[in-house]
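Novice: Use these hints to put chain B onto chain A, whose structure you have.
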Amino acid sequence: MNSMTHEFAPAGELPEDRPVNLSRRDVLGAALGALVLGVALPGADAKAQNTAAAAKSAPRVSAFLEIRTDSTALLRSPFVEGGQGVATAMAQIVGEELDMDPARFTVECAPPGADYQVVGGRRFTGGSFSVRSSYDTMRRVGASARQMLLQAAASRLKVPVASLTTEPGRVRHAATGRTLDYGALAADAAALSVPENVTLRADKDFRWIGKPVARLDARDKSTGKAAYAIDMQVDGMLRAAVQHAPRLDLEPGAFANEAEVKAMPGVHSIHRLPGAVAVVADRWWHARRAVETLQVTWTDAAPGTRRAMPSDFSSEGRKAQLAAAPGPGIAAETVGDAAATLKGAAKIVTATYDAPYLAHGQLEPPSALARWNEDGTLDLWVPNQAPEMFQTLAAKAAGIPPEKVKIHSPMLGGFFGRHFIYETANPFPQAIQLSRAVGRPVKLIWSREEEFLRDALRPMGFVRFRAGLDANGLPVALEAEAVGEGPRDRWFGRKPDAADGSAVEGISGKPYAINNRRVAHVLVDDPAIIGFWRSVGHSMNDFFYETFFDEVADAGQQDPYDLRLRLLADKPRHKTLLQAVGELSGGWKRGPFTAPDGSKRARGVAMASPFGSEVATIAEVSLRGGAVTVHDVWVAIDPGRIVNPGIIEAQVNSAVALGLSSALLEEVVYAKGVPQARNFDGYPILPPDRMPRVHVRIVESGAPMGGIGEPGLPGVPPAVANAVAALTGQRIRSLPLSKMKFGAS
Amino acid sequence: MDVIINGKTHQVQTEDDTPLLWVIRDELGMTGTKYGCGIAQCGACTVLIDGQATRSCVTPVGSVAGQAITTIEAVTDDAVGRRVVDAWVANQVPQCGYCQSGQVLAATALLKQNSKPNEQDIAAAMVNLCRCGTYNAIAAAVRQVAQG
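If you read the protein sequences in the order shown, they are chains A and B. In this text, residue positions in the first sequence follow my numbering: the first is 1, and each later residue adds one. In this text, residue positions in the second sequence follow my numbering: the first is 1001, and each later residue adds one.
Treat the hints as calculated values from the structure; they're not laboratory data. Each residue gets a CB set at the ideal place from its N, CA and C atoms; glycine is no exception. It is possible that part of the hints are untrue.
[To be verified] Every beta carbon over 12 Å from chain B, so not counted as near; a handful from chain A, in silico:
(1) Pro168
(2) Ala191
(3) Thr341
(4) Arg733
[What the hints assert, rightly or not] Have a look at the derived ranges for each label pair, beta carbon to beta carbon:
(5) Ala202/A <-> Ser1115/B: 47 to 55 Å
(6) Gly1148/B <-> Ala351/A: 48 to 56 Å
(7) Ala325/A <-> Ile1039/B: 33 to 41 Å
Excised from the complex, chain A in its bound form:
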């Protein structure tokens, strides 16, 4: 998702925003007595027209705040909570300026609306973008609300505003000691105009921003009270399960045992859907058992069907196709003259790298609950990272105008990029069709097996590298060709003669002083449904680049940590971070060395610059029974400025786990056009006994705020691979490591 920002103005360049009082415009149909505040963004129309897929409505930065009479607050957040902690962060930011304890907030994901387009004129939860894109806006929301509450208190108490102050949740008149709770002022405040100018708190006065404020959802999530899309229930609801065509371009033909299936317990009806069959029943288990009992003849789709999956498609074949695709591709980054420098180099290092398709494996299986209402509107409860995008496509699927589709966005049981619009990877068009067919609300759940069959995958990646070394063993030129297709251009439009940033990020944009470089994208269309997977192109490209970097270091007889430091001499931010992770790990040592328990171990280092943050990572590994054990991972992360260090540490732990899972275990294998693994038995993900200790150091350099959810991931696979190479002498040029056998060491 990082790459999507290429189309947007950086958050820091958004036009100055000015809040407007929405309660007077009845935008929300808000409850009486509630202060409802949004932020309009005048002058943004022109910007919208400059974006690739400009929304028709005026893009405005917006956040809605409702202060209740009990002095709690409801915050309609532009972002969906899926574990990354954004609900808590939003409460911290608004609460800081409003002067209300974040613990008194309830945070919901806002419904679709032009008011919520806070990410460069659009809205999505992704690209590690939420806090950094909305930070200033959300502060102004809180500050404006506080100012209105002060004004209301001044009128009530008949004293000058300047004589009033606030303390968490109330206004105080210091001279008389009188106080008024926010809740008692909310109705009056709602009738006031939003101030033109507000003063924001000085950073040094922050009580909640920058502190490890407790997550708002920890207790509900520890007691089963948190409700996800899969848990939604409405009156009169039926439940549905599907059986998808094994291959993407097949359609349901004849049923061999329709009568038998219709007679199964609880079955309401059987349905043909595009590329699938469905059973609607009283209970999901009944629906599932019935649909899986149904014997379907799958027929080939008409010629020319979009996204036809070849019946002979395989992962192996795809890798061979990528390896055979000729360069030079479309340049994404050109510095100096790599070709000429390579010609004159004292030594050349070449290598090819690859990484497999990956599944998201979020633990909540996809679902969608659709309810057609008597007035012709449609309610849709659906896991999603982009309510307006889902609204648009749901309207299309339903054949009604978008404003008649009400999108509800419950918290997500993990996402990692899973819940964008991915054509056949989304269950909501099926739910809409089924609900209309049966005339009742229908909750459709995909079984884990159907999810593995239709997930939008992290694409397979393949890179050719050439590096030139000078007589001193220092790299002076680097050429890289990233071969394949990236998800950004798949879903957001391809530009002729432009490289897809999501295909090259992590190979381009590296900070090292290698002064002649050419990084290119060789586009080869991918027949699979590909998607964004936590850290997107970085999830594999930093592995390719940083592991090849160690090959280059070894070829020049340089220590890989020292060479990185040397090539970052003019990059103080990166150099500081690399030194920080070295120090955090007790001082750089590559090994191999013998640990106190007698095992032989080694360490690897890697750096990454993803999503506006900088990260340096060190991993320590040993071998046990020919398999890699990762003992410790040290991560120094510089997101510029921070909101919640506790959540940052948790997100880094999480990113380490997912990065390690991909490095050690994960691989979607296609054969005959079909993904082979259909559940976690065939697609193992990191179990608890392979989780390393994780040590985090946050470095606040003061640079513009970067992302947090994804940046911890990209450094992990290369740090581990470099450690394994140091330990075994075997180069790791392909993942996952579980494919490789290592000798006892």
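Specialist: Below, chain B alone, put in the same frame as chain A:
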């Protein structure tokens, strides 16, 4: 048949081989118990049956008639369960939270059977998957309860 969940007897009308998970979720409307994989790989559906952590997605409801079933909805009715939940909150364990009902119940079962588990005991009992990778926080929370 009669199914005893959280101390209450429910009369359920379903086939004996229906997984307990779907009786809890769809028949009884209690959604704290989660569906993750359906094949006893992930543990999101963990409930306690006579105190034993059990994967309800592969447990036929007919096999547990008359046994005491505890779901996450009742975890704080139990003194150990309350301490586990408090430790989960204190250690800020959940991220997406989807697996945590199962994790909390697995920890509760362990700590009710063994109030002072060592590292190996914890590793042996806490085997549910978490895609957010909260494993270190989970282990820390269990240790905190064990050290009481």
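Novice: For a quick check of understanding: which of the numbered hints are violated here, in increasing order?
Specialist: Every hint satisfied by this model.
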